[in-house]
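Q: Dock chains W, R and P against chain C, hints included.
As a plain string of letters, each chain reads:
Protein chains: 4
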Amino acid sequence: MTVPVEADVVSVLRLRDRCADALGIDVVEAGAGWAVVSMTVRGDMCNCHGTCHGGIIFTLADTAFGYACNSHNVNTVASAASVEFLHPVPEGATIRARAEQRWARSKSGVYDVVVELDDGTAVALFRGRSHSIGGSVVP
Amino acid sequence: MTVPVEADVVSVLRLRDRCADALGIDVVEAGAGWAVVSMTVRGDMCNCHGTCHGGIIFTLADTAFGYACNSHNVNTVASAASVEFLHPVPEGATIRARAEQRWARSKSGVYDVVVELDDGTAVALFRGRSHSIGGSVVP
Amino acid sequence: MTVPVEADVVSVLRLRDRCADALGIDVVEAGAGWAVVSMTVRGDMCNCHGTCHGGIIFTLADTAFGYACNSHNVNTVASAASVEFLHPVPEGATIRARAEQRWARSKSGVYDVVVELDDGTAVALFRGRSHSIGGSVVP
Amino acid sequence: MTVPVEADVVSVLRLRDRCADALGIDVVEAGAGWAVVSMTVRGDMCNCHGTCHGGIIFTLADTAFGYACNSHNVNTVASAASVEFLHPVPEGATIRARAEQRWARSKSGVYDVVVELDDGTAVALFRGRSHSIGGSVVP
Numbered sequence: 092m093t094v095p096v097e098a099d100v101v102s103v104l105r106l107r108d109r110c111a112d113a114l115g116i117d118v119v120e121a122g123a124g125w126a127v128v129s130m131t132v133r134g135d136m137c138n139c140h141g142t143c144h145g146g147i148i149f150t151l152a153d154t155a156f157g158y159a160c161n162s163h164n165v166n167t168v169a170s171a172a173s174v175e176f177l178h179p180v181p182e183g184a185t186i187r188a189r190a191e192q193r194w195a196r197s198k199s200g201v202y203d204v205v206v207e208l209d210d211g212t213a214v215a216l217f218r219g220r221s222h223s224i225g226g227s228v229v230p
Numbered sequence: 092m093t094v095p096v097e098a099d100v101v102s103v104l105r106l107r108d109r110c111a112d113a114l115g116i117d118v119v120e121a122g123a124g125w126a127v128v129s130m131t132v133r134g135d136m137c138n139c140h141g142t143c144h145g146g147i148i149f150t151l152a153d154t155a156f157g158y159a160c161n162s163h164n165v166n167t168v169a170s171a172a173s174v175e176f177l178h179p180v181p182e183g184a185t186i187r188a189r190a191e192q193r194w195a196r197s198k199s200g201v202y203d204v205v206v207e208l209d210d211g212t213a214v215a216l217f218r219g220r221s222h223s224i225g226g227s228v229v230p
Numbered sequence: 092m093t094v095p096v097e098a099d100v101v102s103v104l105r106l107r108d109r110c111a112d113a114l115g116i117d118v119v120e121a122g123a124g125w126a127v128v129s130m131t132v133r134g135d136m137c138n139c140h141g142t143c144h145g146g147i148i149f150t151l152a153d154t155a156f157g158y159a160c161n162s163h164n165v166n167t168v169a170s171a172a173s174v175e176f177l178h179p180v181p182e183g184a185t186i187r188a189r190a191e192q193r194w195a196r197s198k199s200g201v202y203d204v205v206v207e208l209d210d211g212t213a214v215a216l217f218r219g220r221s222h223s224i225g226g227s228v229v230p
Numbered sequence: 092m093t094v095p096v097e098a099d100v101v102s103v104l105r106l107r108d109r110c111a112d113a114l115g116i117d118v119v120e121a122g123a124g125w126a127v128v129s130m131t132v133r134g135d136m137c138n139c140h141g142t143c144h145g146g147i148i149f150t151l152a153d154t155a156f157g158y159a160c161n162s163h164n165v166n167t168v169a170s171a172a173s174v175e176f177l178h179p180v181p182e183g184a185t186i187r188a189r190a191e192q193r194w195a196r197s198k199s200g201v202y203d204v205v206v207e208l209d210d211g212t213a214v215a216l217f218r219g220r221s222h223s224i225g226g227s228v229v230p
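Residue numbers (the working numbering), protein chains in the order written: chain C, 92 to 230; chain W, 92 to 230; chain R, 92 to 230; chain P, 92 to 230.
Chain C with its partners taken away, still in its complex shape (with noise of 0.2 Å):
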């Protein structure tokens, strides 16, 4: 029996994630612990100021930290998190995400979470708190 690799697990996860398809959402890298995912901004994903909603920025970073938290092959969901919106994203920017475990024990899990735009301009900082409910993500 094989056990499976970081990168195999979030390939799974990204298949059985919805609301990833909805958004466009892509992974660009995985390993354990960590994930790449990127996005472009479409109009249907902007608010009221014209801009990416802070929310679906929020999500993003929320889905390369849901990735990051479950590649261990662990079934494992948000407790909480926090978010700094450092520049707004215009309409038709693609934006990338980076998470990466800080640190874990037990059940519980830290994550950061960096969006910045294609030329490297940080976007958002964000910061989740893990809890693993137990169960494979990959049988």
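It should be emphasised that the hints constitute simulated quantities derived from the structure, not laboratory data.
Don't take each hint at face value.
Taking lysine to any residue and the SDA-like style, the derived pairs with C-alpha atoms no more than 25 Å apart in a straight line are [unchecked claim]:
| id | chain 1 | residue 1 | chain 2 | residue 2 |
| --- | --- | --- | --- | --- |
| 1 | C | Lys198 | R | Leu208 |
| 2 | R | Lys198 | C | Pro230 |
| 3 | W | Lys198 | W | Val228 |
| 4 | W | Lys198 | R | Leu208 |
| 5 | R | Lys198 | P | Gly141 |
| 6 | P | Lys198 | P | Glu182 |
| 7 | P | Lys198 | W | Gly225 |
| 8 | P | Lys198 | P | Gly226 |
| 9 | P | Lys198 | P | Gly225 |
A: The following block gives chains W, R and P in isolation, referenced to the frame of chain C:
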């Protein structure tokens, strides 16, 4: 000349909000410094665990927050937010987010949002920090 | 055998709390899932701007939170907290922190704390996440 | 006329900081946008569980944050902060907090602080948001 009523400002905000169109977010009620919005969770809002994506729950809360802090008819954006996820939300459920101003001074404000199921079960607690950038929402 | 009343549990917590001794923190009132504490700001609690150090304001809020979440007589610790600083606190001022349980399930809880001056001016909003580690506070 | 070096600004901040005197906080190193401080946990810093009060760990982190964000010689205060508590800290332990600027623009900044034991074990992760109020720290 008439000063627009806060509920009218929120109606205008909702009309301009394409992300709220895409997610099917309705304004239930609104006033000076507060707003209530609701949404029904569709399949394309669900994550790999088959429940509503935390980012979409956040987006609903952030929408209520955005309407509440712009209700004073001064353009205002979110500078930061935090969320506690309390309960999973199944596909098909209708959730409601109520945002209320907790504090405001000069250009800054703090708003609390509670997201609940129809039966009153709290599913998320959100706290947002706002920053006014000036200019009127409704001329 | 008698089950200890929540206010009694908080009295015991206060007696064991050397940090509260050092800061002169008094318990004003307490009950099941809530506690009110107060403190007068001394010169040795002030930062380089000459006002009460944010960390000391946080410590007062965290103390109220700790008493509130341990009031159920199960040993409980803070896993995370956030604070919004709203107003500077001058030397000599007496501040009061009121902690209230917002949500609890199994081993986790969320508590909100408001810190105020004597005249009711809010100086900080705190939100803490608790985690029960088991065992009784008062045998 | 000489522009004060950042490390010198931090030395001045430390001299004016009576709370740091009371807690025995030392500046280990500092530069433009960063600072490292340390403290040994005394009995009067401990809570009712017999370990260092979370508020005191926060205060050490907040002190490092305060020195880092004032190192540019513009008076700056904390507007908000969040902390994740990772590990209890026993009486007698020496802990060290390293603050680093993650982002800054106009009057706002975001700083990350890691608090560690001597052996490198992380005990807390802190993120603070700063706001410049103008005026020089050192004339």
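Q: Would you mind marking each hint as holding or not holding in the structure?
A: Cross-check of the supplied hints:
At roughly 39 Å between alpha-carbon atoms, C:Lys198 and R:Leu208 are farther apart than 25 Å, so this suggested pair is violated. Distance check on the hinted pair: R:Lys198 and C:Pro230 sit about 28 Å apart at the alpha-carbon level, beyond 25 Å; violated. Between W:Lys198 and W:Val228 the alpha-carbon distance is near 15 Å, which keeps this suggested pair within the 25 Å criterion. Between W:Lys198 and R:Leu208, the direct Cα distance comes to roughly 22 Å. Compliance with the 25 Å bound is thereby established for this hinted pair.
A threshold of 25 Å between alpha carbons decides the hint, and for R:Lys198 with P:Gly141 the separation of about 21 Å falls inside it, so the pair holds. A hinted pair counts as satisfied when its Cα atoms are at most 25 Å apart, and P:Lys198 with P:Glu182 does not qualify at roughly 38 Å. Taken as a hint, the P:Lys198 and W:Gly225 pair is honoured in the structure, with Cα atoms around 16 Å apart against an allowance of 25 Å. Taking the CA atoms of P:Lys198 and P:Gly226, the gap is near 12 Å; set against the 25 Å cutoff, the hint holds.
In summary, the hint linking P:Lys198 to P:Gly225 is supported, as the alpha carbons are separated by about 9 Å, within the 25 Å threshold.
This entry does not satisfy hints 1, 2 and 6, going by the numbered hints stated previously.
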